[in-house]
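Order-wise, the sequence lines are chains E and W. Numbering-wise (the numbering used here), the first sequence opens with residue 211 and increments by one. Numbering-wise (the numbering used here), the second sequence opens with residue 44 and increments by one.
Be aware that one or more of the hints could be misleading.
[As the list claims (entries may be wrong)] Derived lysine to any residue pairs resembling SDA-like cross-links, with alpha carbons at most 20 Å apart: (1) W:K94 with E:K213; (2) W:K94 with E:G312; (3) W:K366 with W:G247; (4) W:K94 with E:E305; (5) W:K79 with W:G247; (6) W:K94 with E:L275; (7) E:K213 with E:A304; (8) W:K94 with E:Y313; (9) W:K200 with W:E147; (10) W:K94 with E:A304; (11) W:K188 with W:E110; (12) W:K366 with W:R48; (13) W:K94 with W:G106; (14) W:K146 with W:R172; (15) W:K94 with W:G127; (16) W:K146 with W:D120; (17) W:K178 with W:G150; (18) W:K146 with W:G173.
Read the hints as simulated data drawn from the structure, not as lab findings.
Listed below, chain by chain, are the residues.
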Amino acid sequence: MAKTPLQFRHNGRDVALFVDGGTNLLVVLREMISDVTPKFGCGQGGCGACTVLIDGDALLACLTLAEAVEGRAVETLDGIKTGPNLHPLQRAFAEGFAAQCGYCTPGMLMAAKALLDKIPQPSREQVVEAISGNICRCTGYEPIINAVLAAAASLRASA
Amino acid sequence: MATHRGRGMAAINYPIGMNLGGDPSQALVHSNPSGKFTVALSSIDLGQGMKSVTRQICAETLGVPVEDVYVDTADSDTGPHCMGSFASRGTHRVGNAVMAAAKEARGVMMEAAAEELEVNAGDLETDGRGNIHVKGAPHRSISVKDVAIAAQFRQGKTISGRGIFLVPLSDVDPETGEMSPATCYAHACLVAEVEVDDETGEVGVVRMDSAYELGRALNPRLVEQQLVGGAWMGMSHALYETTEPYYPDPKQGPRDFVEYLMPGPGDICPHDIAVLERPAPDGPFGGKGPGEMCANPVLPAIANAIFNAVGVRIDELPITPEKVLRAIKSQGGARPQTRR
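Let's have the full structure, built from the sequences with the hints guiding it.
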């Protein structure tokens, strides 16, 4: 099958490679450029473990054709900290025990980041809505919701 | 047509571990020349925090900082035998095995330090910050790292320890049928408040209040989080989960875990938890562990709350809207019970 040239921005860096037609973004990220922060969960858009931001929108990498991100900006968990400093969301997740087995955590963090980037001071209902496409089987969601609200509060305090 | 509130309670007396074949688990602890320690286990951390809690137990027993202990879990090729992560046994059984292994390793570490400092091992103590010194004379001190280097390169010793925890097999008394299946029990009581819609049969959990007695909470934040997550799983068992739903035809049932219904972030409720600590005499530092008990009392409490709300007794799980609605219809309408 013919390869298609593909260029996009990955966490602020330009990436250029050749992909097979039909390759999805999750495969490109994990297997071709070794960013394993988006997780493979269900491969059918049901769990949210592969959530990434494309031009700021939370989308599922497993359902996104690689060619669809041509010229666009893809942000993953790998890019959200600043140097050695964790993103406020990451800190709030760690401090609030919002991860147990950890498999859903990268997707949760990206879904939450998409929310806070657009709505810096969300209500609890808005947080619930934002993570409703992400499945967690350990925590019972409560600490995740609380961590997102805590991160929003710490962003407000530092603003 | 209306929604009805109801409150239900359940209490639980929960055995830690089991008594089939003695329920053993093993642990191995060894130091590297860097003065850091590795705990080898084949036990599995499923997200409940066994890796963290065994790390704490090992560090505390050795007398070294927790950062200096690494726990290598879930490899039955390289780890010693473990019965497994079930029966709420992780903290108690594996914790005890790690404690025994760390105790033996600490003995070797203190002997090696004694040789370096030219004193009796019995006169030495650890400061928990990575040093070993003579009791009452802290200036006569050596770091754990230097002890590990000396053991490896000069003394030719391995600073290591083996641990196993085995409960003596309890036989059944032929006269009375009595036996002791467990050596310690944890306890809990949970009150659930629900809202039942008598038009749709839908049940919403409004809030939960619980008290858990689980020995010493070795890591209180982990315990609390395990209880929060476990209660959610209990609510899921009570109201959502089944491999054989759905109406009207089994063909509409889930085919995989993506379609397997569990409550989402919008279905949860406030849950106030009180943790009571009664250290177990045979637990590692008194710990029993929350284990499966964090989910168990939720199911009967919710079933009781539904009875309290609309007067129907559902004894098959999960308690789906269909079952609630059929039961309400067959008794000719909702019959709210007295609020207690």
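Results of checking the hints against the structure:
At roughly 45 Å between alpha-carbon atoms, K94 (chain W) and K213 (chain E) are farther apart than 20 Å, so this suggested pair is violated. Of the pairs offered as hints, the one joining K94 (chain W) and G312 (chain E) holds, with about 13 Å between alpha carbons and a cut-off of 20 Å not exceeded. Taking the CA atoms of K366 (chain W) and G247 (chain W), the gap is near 14 Å; set against the 20 Å cutoff, the hint holds. The straight-line distance between the Cα atoms of K94 (chain W) and E305 (chain E) is roughly 18 Å, inside the 20 Å bound, and the hint therefore holds.
Proximity of K79 (chain W) to G247 (chain W) is assessed by CA-CA distance (about 50 Å); at most 20 Å being required, the pair is judged violated. Pair hint K94 (chain W) plus L275 (chain E) does not hold up; C-alpha atoms about 38 Å apart against a cutoff of 20 Å. Under the criterion of a C-alpha separation no larger than 20 Å, the hint pairing K213 (chain E) with A304 (chain E) is inconsistent with the structure, at around 41 Å. At most 20 Å may separate the alpha-carbon atoms for a hinted pair to count; K94 (chain W) and Y313 (chain E) meet this at roughly 16 Å.
For the proposed pair K200 (chain W) and E147 (chain W), the alpha carbon gap of about 13 Å is at most 20 Å, so the pair holds. Among the hinted pairs, K94 (chain W) with A304 (chain E) is consistent with the structure: their alpha-carbon atoms are about 16 Å apart, no more than 20 Å. With a C-alpha separation of about 13 Å, the suggested pairing of K188 (chain W) with E110 (chain W) holds against the 20 Å cut-off. Restraint check for K366 (chain W) and R48 (chain W): satisfied, since their Cα atoms lie roughly 18 Å apart, inside the 20 Å limit.
Annotation: proposed proximity of K94 (chain W) to G106 (chain W) holds, straight-line Cα distance about 18 Å (limit 20 Å). For a cut-off of 20 Å, the pair hint linking K146 (chain W) to R172 (chain W) stands: about 17 Å separates their Cα positions. A hinted pair counts as satisfied when its Cα atoms are at most 20 Å apart, and K94 (chain W) with G127 (chain W) qualifies at roughly 14 Å. Between K146 (chain W) and D120 (chain W) the alpha-carbon distance is near 24 Å, which puts this suggested pair outside the 20 Å criterion.
In summary, the hint linking K178 (chain W) to G150 (chain W) is supported, as the alpha carbons are separated by about 16 Å, within the 20 Å threshold. For the hint linking K146 (chain W) to G173 (chain W), the alpha-carbon distance of about 16 Å falls within 20 Å, and the restraint holds.
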